[in-house]
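Heads up: the sequence lines are chains Y and L, in that order. So the first sequence is numbered by the working numbering: it starts at 4 and just counts up by one. So the second sequence is numbered by the working numbering: it starts at 33 and just counts up by one.
In short, the hints are calculated from the structure, not lab data. Certain hints may be false.
What the hints assert, rightly or not - If you only want the chain L side, here are some residues facing chain Y, beta carbon under 10 Å, derived: (1) THR576; (2) GLY849; (3) ASP977; (4) LEU984.
Stated by the list, open to error - Here are the computed lysine-lysine pairs in the DSS-like style, where the Cα-Cα straight-line distance is at most 27 Å: (5) Y:LYS395 - Y:LYS346; (6) Y:LYS350 - L:LYS852; (7) L:LYS120 - Y:LYS57; (8) Y:LYS118 - Y:LYS353; (9) Y:LYS118 - Y:LYS98; (10) L:LYS110 - L:LYS120; (11) L:LYS852 - Y:LYS353; (12) Y:LYS395 - Y:LYS118; (13) Y:LYS395 - Y:LYS353; (14) L:LYS595 - L:LYS567; (15) L:LYS551 - Y:LYS346; (16) L:LYS852 - Y:LYS346; (17) L:LYS120 - L:LYS75.
Just so you know, even glycine gets a beta-carbon here, dropped at the ideal spot from N, CA and C.
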Amino acid sequence: MSSDEQDLRRSAALGAALRTNRRTFLGGGAAGLGALALGSLSPALGGAKAPAAKAKAKRVISLFQSGAPSQFETLDPKPGLVDQFGQELPESVRKGQRLTTMTSGQSSFPIAPSKFGATRRGESGALMGDLLTHTGAIADKLCIVRSMVTEAINHDPAMTFAQTGSQLAGRPSMGAWLSYGLGSMNEDLPTFVVMVSSSATKQPLYARLWGSGFLPTRHQGVKLRSGEDPVLYLANAPGIDRARRRAMLDDLERLNGLREDEDPERDTRVEQYELAFRMQAAVPDLTDISDEPEAVLERYGPDVRRPGSFARNCLLARRMAERDVRFVQLFHMGWDHHGNLPKDLTKCVKDTDQPSAALVQDLEERGLLDDTIVVWGGEFGRTVYSQGELTKENYGRDHHPRCFPIWLAGGGFAPGVTHGETCDHAYNVVRDPVSTHDLHATLLHQLGLDHERLTYRFQGRDFRLTDVHGELVRGILA
Amino acid sequence: MYLALFALVALGGDGPVDFGRDVLPILSEYCFDCHGPDAAARKGDLRLDVHDDVLFVVEPGAPEESELLARLVHENPKRLMPPPSTGKAPTPAEREVLRRWIEEGAAWAGHWSFEAVEAPLIPAMSLPSGELTGWDQDPLDLLVLHRLGVQGMSPSPPAGPATWLRRVHLDLTGLPPTLEQLDAFLSGEVTDAEVVDGLLASDARAEHRTREWLDLARYADTNGYQNDFRRDQWPWRDWVLGAFAANMPYDRFVMEQVAGDLLEGGGRDAVLATGFQRNHRTVTEAGSIDEEWRVENVADRAETSATAFLGLTVACARCHDHRYDPISQVDYYRFFGFFDQVDEKGVYSEMRGNVPPLLRVPSPEQEARLAALNAQIAEEEAALAALAATSAERHAAFRTANEMVVADLPAPLLNRRGAVRLDGTRAGSADLGGRVDFEQDRPFTVTLWLRPESHGAVYSRMEDSDRYRGVDLVLLEDMRPAVHLIHEWTGNAIKVVGDDPLQRGAWHHVAVAYDGSGKAAGITVRVNGAPVRLKAEVDRLDGTLATDEPLRLGTRRYAGELKGEVLDFRVDGHALGEGAVLALARGRAVLEDGGPFYLAVFDEEATGVRRRLAKTRSERERLERDEVPTAMVLRDRDEPRETRLLRRGQYDHPDGEALTPDVPGVFGGLPEGARRDRLGLARWLVAPTNPLTARVAVNRTWASFFGRGLVATVEDFGIRGARPEHPALLDHLAAELVASGWDLRALERRIALSATYRQTSEASAAARERDPDNGWLARGPRHRLDAEGVRDQALLASGLLVQKVGGPSVKPYQPAGLWKELAGGAGQGAYVESTGDDLFRRSLYTYRKRTVPHPQLTTFDAPGFELCTARRPSTNTPLQALALLNGPTYQEASRHLAKRMLEAEGEEARLTLGMRAVLSRGPTDGELKVLKSALARHRSEFEADSMAAVELLGVGATATSPRARTPEWAAYTMIASTLLNLDEAITQR
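Bound-form chain L, shown alone (with noise of 0.2 Å):
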């Protein structure tokens, strides 16, 4: 072992070139962009990015005759490489690594990411006792230390219990330590691996790493474009935190989200997990053209996978071959073939709410109440059947009293006798001609019988563009009649929309009339004779209804087909009350075969148990339709979808031949006789053979901790990206990841008690110098607390937080008037703070509207949730400063935790509390001398201007009566909210 340990340090040192170190990265920054991957892009005919080539202009073991060092230097400037039009020139030092590589034999190796993952040989040390105490209890630490060695560094000594017991608090949950958990901890009633563990078993822990898989899965409330509409995704969410407060493997966890919804015996959950690929921004815009925009969510889906799951950005390559990574444009495309086949639209027009594919997910309770009522339902079927059987004897006498009734009516403008079958296609709909005109100013009444299997049109007289002039009936999803009036949609119509839901295969005797108001009141619609309670949602009509486009049953644009039966189409151009409706039902009811439709409308003895059929039904689809959530999931069409290329990326410029779904062929392909679909790509992710997935888990738990990962660009694997300063490092966790069943837990609970992450995060100046951003880790982690752990913090610090896990998301404290200001309201109104608790939760579950992201998030750093995001960056701003000392939420927070601080005796107590909530802390003497000062003069100055005092304690929704407010409770106020703003306050350090 000590033989190989040395060897490792000889190779480390200034040994040998190493290609994909120190070469790779040079020819990649001067040379790919005219000789790379990108066959469009290329010159002469020479990629520099392969061997072969690389053989043309690069003698092994002669720099002297290699055409490739010429070029660099060359005098004349027609042959200077890179051409000095680019403005680009390898430095002395680059070419110098060059010549050695050169010399040494021009070794050739592919990218270091896409080669297999290696567990490293881990160096056996002796360890002298003292400074190094600790450092031999995991390969994790002796893999660190050695690298440093190689460097010449020397790792710093450990932190102090409470400064680690804190970082570890706020990397594994978000939030510090309490009070409680701090003592318990200096007090040595618990150890380190138990706090860990404790952490480790939390919910808190599992928001924690929700809020960071979020920012990959670009979760939001809303749908991003234009108007910005709701949508409901927070059971996705929910999936999320139960997925890592259960330790799922991690494996487990890309598949579902993945092709959830292709495993087998999955199961509902496994089919939300499948959102992931869902929370892509959905277009709503009027006008908007599907394709191209149905193209934007597939590569978004495969985008936002490549990066999530590989680390690598593809993006490039929809357009040309990739400049700098072996991603060809082919490659692109058939890797985007996996997310193509997704049942869906790129345009759902003015649609509110989620759109499909969708799932629903009722909790348990709700499962039950559906349960009973099925039951129900089942129930009263029964016994309307029951009477069904017994009706032949009640409809004859119902014939023999109306046979000689017959309606005395004005003769109707269309009179469609018999039965039309509609299948649900567009072919099969019925087409009636241009006959019967409908006008704003002229009454109508439209009467049938139908039987629908399904939602869509029943009948529709309406142009096919976006302005919909003209006039409908519709089944809506959940079956609810709505009637259309259009002159033009939707700022000069009329919709009224029914209460209650028609039932599939069921007859009703529908009758929808109208007065020729011009009003939502002058219409009525009538099933089974019986009025419908009708909602107006739109009601200002001021113009034609006429059209070219004939009258249809079965169909209209967007509605969808109508599967089902229609009986007596007829139109009159008069508004029929009750008794004329029913007239007309009848005349079916009487016929010798009339027994269903007598049942529907006229069997009394029936009617008691159809009203409450109806009514447990309608109970039904309320509690569907009102309360049960839904989830946006992925379900492939039944017709697979040809993939092609897309020339420039252009969603009307497909090319060439379709292409089989496949990994880029860098990685070689996916293996022979794999599914050619997303859960062929699954297993393929997570197989342990894949150069990627467990390297790019690791790194990202590795961030999570340090702030920075293993290797810098979280997001970025590929040749541009920054390689890792410790690979053998970040190869043995990758390898130790996948032998213990992709189990997470087990990673960060051995970095969490590692010796590298227990180090001093305190630094020289020279130190800083040589490793600013903490590469080599020759010191701990120091980072700011991420958007949401600010907030949670003072939230949490001042006993405000309110710690419930999941649900829909909620809306704490924001300016008055922000979403007005750039939607007018279009799309939601204005913002409605929450109450109670929920003004209180973790920001995580702050409702996240992506054209107007909440401040506090946006201020702090947080993405706005567009893109697939794997990294925040930490800015400093005088907008942060500016929200923390007069943001509502941190003034409450204030005046809270001062409160907190007044529960002790005594001054230097009572400081002493405020600083441990914050900081897991006690001042030093030099603080608290500043603090004493300083709530000395508070408090004289709120003396003396108890106003000031009253006006300072009454903010937020927890204030007290204005005689509760003392100047003293002012004056800590002001400490609490001096302690928040500190810079250690929102670091861990």
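So that you can see chain Y by itself, here it is in the shape it has in the complex (with noise of 0.2 Å):
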């Protein structure tokens, strides 16, 4: 912190204590601002938090590969399918799903194997696709479950299911929830921080994905951009520098506390504008990489001196988690490979693998990895078969609910645990298929929460995460 901000912080403490009335819960900083999430709830409106079992992990980085990857040049190769190009693929398999009427007209369904090899990896021998080179690399340290389940075979229902336990839009997201129920962990940045990239086809996201549902909208996630102003409206406005912004507030405060009756809500709102103005300081503080070392530079990849990359939010999300920001949310557009898998799925790869396992190694080197889960993933998985023409060289895949897999690490999930098995076409899960409930259920519960406790009553129900549903997966934890 230079001399300056100190200064100005001197300033801000002294006008606080310039102002009357004030309340004193939000005194004890960190722990004041989760019980500020939890200070006006009324019974009508109330909820109940989890009583806190024992955290293993205090943060979540969730790497969300928006678009879903496809298993079969990822994390679920079947090297047995190169035999059966361009067959047709049994009725045996499929058994009359319902497919998207993108390819239920197609009047043939052959077998598209991986373009690409698969290798086991590390010592635990997770087989995994040749094109992911460095997450191959952290095999040991991954636990990947490849028995995923979900219900909707579009993305925009796939997507807001994945985040927030239901396909239609209204319901709060995960990290809203853990903001509801475990505050912030930190006075000077949001508790729940959302960053967008891309590669070069997109799928669209929505605000939803990050929305805080029927929770105070407090509780939403804020985006973080990769422009000059991360936070909307961050940057002081032309003409102001820090000093005058700091002389400003000092006044607005002391007109504020000369108000002769008193009035919490009053103090509540000039306690968010030093929050507001420590943001201020603390979001470019957390943005400026200049202090990285070439090094660590070096590990994300090339990408990361681009902003907006994967790659940079992936060393952004490894400084978020150094300032106990307790949900940081990536999404990654790019992965919807309905043609030209081969050559698009690599330049996604191209964009995400190295910074993903960057971020997990970097996390384990700061001893930051145990108290921290970071999950990859995406909504759902692909179809064995082709969409449209398959040739050896091209070809493309639909949506496919039935099965897709994903990967945890930190946190107290089991590292070189691979869970739940699909079958030979990977069309369905044969082994321990595990839903998003049950992955929102389990990470809940490393992060101290009781799914089944941890709810907001809304007209007259109270919710849950999880909704009626999800069961803890200890065959994942350590």
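Both chains are sitting in their own frames, so use the hints and assemble them into the complex.
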């Protein structure tokens, strides 16, 4: 912290002392903000925090691969399919399960083996696509779940389900639940931060994916942007430097303090102005990576020098973990490979493989991986059969909700474990299916929250992230 | 009357337990999960929401013999209720309530809000003069006072006149008073009642009430899913504005939005009102399953209608019987059935704009233009008919001159002479087999005579999947011809669209020629020999067009089936030019019965009129297509759809028998002989006997003023909802609303002029602790301005606000890139800010893109407009502080407010003016001191750093030249910004 900055903060403290009728519950700093999250719930609108079990993790970094990566080229390769190139997918595999109308009219469903090789990696021997050079190198740190199952077959409902536990809009996202249930650990930064990057082609995203649903809006994710103003309106308006802003806030607090009647709302609002002022320093400090050693930058790959890239966002996620941001949600758009899969998927892997692995290693070396959960995956899987024309060189894959893989690292998840199994065509799960609700329940559990007790009453009903479902998946815990 | 009063007092105090108020919530909280209305979750075949069952475990008058009580404290954990695993246990106080209830005879009653409204006795009180002056003017206040007395609470003194004025302005219109309004009121020129009446009649009040209604109506300007395409539903929003402006009776307001299309004599506006039921999101994502999403539309309509009109949340009963409220799953699907009949699809694959059913809503000016064009068309048609009547001779001459000419063309690939009648159904289309192959690198020409009676596909050889591989010619809904050559839609295809529509019922000679170049420029379309101007909408084809599907006439997936006649369908393996095409057309025109064809193409005397007619028709089409707005409305199918219960709410699991539409059984169903459609529902909703509609409307209006309803859970009048602290007041106002002919304005007037509303909102810590959210009404209202109000107030105080009512939504300042970052421009490209006045319209008109809500709205707690929202939360966040401090809207407003301040003479007057413009009051001495010292500091700093002043004053579209940007102005701008950021500025108090 510069000496100027220290002066300004001292001035802020002075301003605080000038304020009258200060309510004290905010005084506790970090813990106080958590209390604030629950401060004003009246019984009819109330909710319940789960009693804190022993938390294994404090934070989550979610690397969401939007558009849905193919399992065949990544975490669930099926080398045996090479012999079945172009053969019709047997009806005994499909069993009449519904298809999207993009391929339901296809007259044939030719099997498309991955064009790329696959190798057993690490001591755990997890079979992984050869494209994943870097992720493969940390295979022993990962807990791979190959048996994820979801419901929807289209992006919008499937992504909404992955983030909120419901296909339909209106429910809080997981980060919002965590903000509500656990509060903040940091007095200068938001509790729940979202960052977005993309490869060339994009599937749209929606603000509801980090929305607060029926929870108070202060729990919604704050989107950190790559430009000069990473948080909306963070930078002081033209002509106003930090000292002028500080002096103006002091005026403002003096004036607010001159009101003679007591009003806790007013005190809370004044506090928000102070938090905003601190964020104005803390966010640029967070996003300015000039203090990162060259070796660290190189580990994340060349893209890290480009603001807004997935690599940069991974590095920023690590910096946020260091600053105790509770939930960091990355989205990388571009995995929706209906056609030209070999070329376009390679591009997505190039954008994401190295930085994802670097993040895990970087966290581990800094001692942060133990209490940080990193989770990587998309909204569903893709079909074994080719959408459109199948050649040796080119093919595409349609959406497939019946199975898809993810990986988890840190936060008490079992390293080097591969959980669940799919059939030879990676079409159906044959062992240990894990639903999105199960995953949510398990993530909450690692954070010390009982998914059945973390509730919020809305419209007369006690809502949960996991709705009325969710089983703890013990097999993936260390 | 006195006796009645004291009887009431006795009842409300430590008297007997009230079943509905005291007992039912406890049973609901602890018992209904397993012993409630939900049959599937029920344990031990015991339900405690039904009196007969309750008597199994309750012995009226004998608590010690009642199993119910014993189970609550049972030593054996297996018999203890609720089971310890639920983590729930009633408190000793709650157990005591149950004990007393049983002791007093275990009286049973229905849930309060499901019982009929009964106008209460009005307490007659003789009030001591002095502190309670004004409290005896309206029964409303007497009812409040009476309840306060019972609680041992006293009302607060009245707020000062300026505070009251700002309060009524904000709550009635969403805008603070102007300085002129403030001065007029404080000088006594206008009375309280005149102020309120003036505001009630203002457009601003209609806008504010519309703003509130739009939350319930989940109104937005995009369709909300995936690519989130634009829609134009603002004509419906303007209907709401008009309804509030005209003080439409609330029963009519409800009926038109539920069943305006079925009301006899309702007219266009009543149909427009049903747009309420189409504001839900609509899916356009390719690959989605139609029925899955159609069911979502219906469920959304049913659930929104239940919440907006009845204050009920029925969504739980979609998958299973409701856990707490007496609404079964069968009830749900009977109610769902009312909304299941709409003539709609669930998926409008990649379709932009409004999706049918639609209503055209021309402005009066557009209607006049349409009428003029129609008259002109009639005239030209008459002229053409006259020419046709005299054409026999000319046709004979043409035949003589042309009969020897035979088209000298290479052999066609396909030549089907003669007529094919198309009846507009898939079955009635014609299959021409697979003889003609179309390829991207091979030229071809399709020629035919066409007399269309509808839009739809003319011919197609195309796959029935979402990649649409193949070729076609279709007439779009507006009858313009469109040609597709598709390898894979939309990424690898050509689509061209002709400028001018074809005429229904007229013969046209149509030729589609393609030169095999793979480019849109290689396509020529000729109608009656003349080339049509084409617009290429997609132009990137690289791949085969071959498909196994046969060549068909009159049909193609999703294009609709064509009705009409086709003659002489021919395909050539070359790109034919004008001469060849005319030669083919001539072949039909030279026949003895070729008169109509001769007239269409070759009759030179008719050519002029025909061209004029085509031009006039094209102008009418363009007006209707591009200018006349449409709204999405309701229209039911001709064939009724059978509604069935959906197991677990899943679209593909219909279960059991077809259900007749009806209202939930707890309300006794629709009356005998009532229509079982939306009109029947609408009539039931507004029947005076309906226990909910009036209460819910009154409650919402109350919340508009107090920031909290008489029932705190505005959205939920069910058993889990909050109970009103003032039930008699709610029922009194509900009964009066119905008796007044559902006059909402009269209701608002009473509230605004009441003594209850006039109380000061200042309260001691003890008073606040006793009643944190002011349910008892022992003080006046205080709440933060809504998202729209925060911005609108800044615009008004600065003089920037443009108060134009209605019209398409506008795009005020928004940080660059927000849309692109999420959608990559997939739906609409970048956000393009409005210019001029539209930057400064009320926030009601701000464009609502559902997947990327405007930050001003979302930062200040506006909902995302995806679902019906009855109540907004009010939070405090650092993002709000940042937006108010640094957002260009507020910077620009501060500069303009500063300009206004500078127009006054002298520092004190200037500061006072600024404060009054924002807070409707001048500064205290202490405040003036702070402001003066701040001003002096800003002044000296900006004088020392004039570049900072130039920068500060350069924000927004209205910035002046840098030379005019003085340090003095900058200093006042900082003061103005400080004022706009005051807690008091964004609070109604």
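Hints the structure fails to honour
none
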